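Colleague: Residue numbers (the numbering used here), protein chains in the order written: chain U, 1 to 112; chain R, 1 to 111.
Quick caveat, the hints were computed from the structure, so don't treat them as lab data. Everything numeric in this text was worked out from a predicted model, so none of it was measured. Virtual Cβ for every residue (Gly too), placed ideally from N, Cα, C. One thing to keep in mind: the hints can contain errors.
Computed beta-carbon distance windows for the label pairs [stated by the list, open to error]:
#, chain 1, residue 1, chain 2, residue 2, range
1, R, 10, U, 9, 22 to 32 angstroms
2, R, 30, U, 73, 35 to 45 angstroms
3, U, 112, R, 50, 41 to 51 angstroms
4, R, 67, U, 69, 33 to 43 angstroms
5, U, 59, R, 30, 10 to 20 angstroms
6, R, 50, U, 10, 17 to 27 angstroms
7, R, 56, U, 82, 34 to 44 angstroms
8, U, 97, R, 52, 11 to 21 angstroms
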Amino acid sequence: NAGVTQTPKFRVLKTGQSMTLLCAQDMNHEYMYWYRQDPGMGLRLIHYSVGEGTTAKGEVPDGYNVSRLKKQNFLLGLESAAPSQTSVYFCASSYVAGVVQYFGPGTRLTVL
Amino acid sequence: SQQGEEDPQALSIQEGENATMNCSYKTSINNLQWYRQNSGRGLVHLILIRSNEREKHSGRLRVTLDTSKKSSSLLITASRAADTASYFCAFSGGTASKLTFGTGTRLQVTL
Chain U
1 NAGVTQTPKF
11 RVLKTGQSMT
21 LLCAQDMNHE
31 YMYWYRQDPG
41 MGLRLIHYSV
51 GEGTTAKGEV
61 PDGYNVSRLK
71 KQNFLLGLES
81 AAPSQTSVYF
91 CASSYVAGVV
101 QYFGPGTRLT
111 VL
Chain R
1 SQQGEEDPQA
11 LSIQEGENAT
21 MNCSYKTSIN
31 NLQWYRQNSG
41 RGLVHLILIR
51 SNEREKHSGR
61 LRVTLDTSKK
71 SSSLLITASR
81 AADTASYFCA
91 FSGGTASKLT
101 FGTGTRLQVT
111 L
């Protein structure tokens with residue numbers, strides 16, 4: 001099992017460009033999450049999904065969109081990147097709510 | 001923000017010593033978890049303690065939970081250089097489908 005994988009690992013964008021981060025899990029988990037991690041801030045939840053076809057806003061959703069068309073994939077989109085979105089993005093999944101989450105290796109995004 | 005607070009922010013100890021880090025939160029919780037993050041990597045789950053438990057052990061890890069004080073502590077005994085990492089608490093409460101993470105403690109274990 002690969003667990004949770006994220007694509008790409010690194011990306012540099014210019015302000016105003018768009019991109020999509022892909023998260024895939026092979027554990028048949030219902031719940032999937034997108035976090036961003038900034039120095040001294042811990043992890044903050046951007047969006048999450050409680051099942052295929054569902055999405056919900058987390059703590060810091062502005063400037064991001066998500067889609068969960070397939071149970072195993074959770075996509076995070078930036079429509080018009082801003083320097084404030086420079087961060088490390090982590091995807092996670094879990095079998096049910098509020099229990100152990102399994103994390104991907106992260107995507108380091110820099111917006112110039 | 002409902003983020004948990006952890007202290008200390010950073011901790012430096014020598015190999016063989018014990019490391020203790022603390023987490024405080026503000027809401028009612030169902031459980032509290034601890035995760036480890038090695039530099040540049042994703043988080044790895046260490047241990048989960050339910051709200052009706054007061055103490056839990058796993059190998060060299062000991063976690064306590066005091067729901068009346070809304071706090072938890074993680075003790076790593078006989079630390080090793082390989083324990084060098086950041087440690088995060090995370091908690092869920094009520095019908096929430098998500099975890100809230102603390103701000104983390106950076107642990108440095110030197111030889």
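Colleague: Against each hint, give a clear statement of whether it holds in the structure.
Modeller: For each hint, the structure was consulted:
1. R/10 / U/9: 22 to 32 angstroms: 27 angstroms, holds
2. R/30 / U/73: 35 to 45 angstroms: This hint is violated: roughly 28 angstroms between Cβ atoms.
3. U/112 / R/50: 41 to 51 angstroms: 46 angstroms, holds
4. R/67 / U/69: 33 to 43 angstroms: 40 angstroms, holds
5. U/59 / R/30: 10 to 20 angstroms: 18 angstroms, holds
6. R/50 / U/10: 17 to 27 angstroms: 38 angstroms, violated
7. R/56 / U/82: 34 to 44 angstroms: Once the Cβ atoms are compared, 42 angstroms apart, the range 34 to 44 angstroms for residue 82 of chain U and residue 56 of chain R holds.
8. U/97 / R/52: 11 to 21 angstroms: Once the Cβ atoms are compared, 18 angstroms apart, the range 11 to 21 angstroms for residue 52 of chain R and residue 97 of chain U holds.
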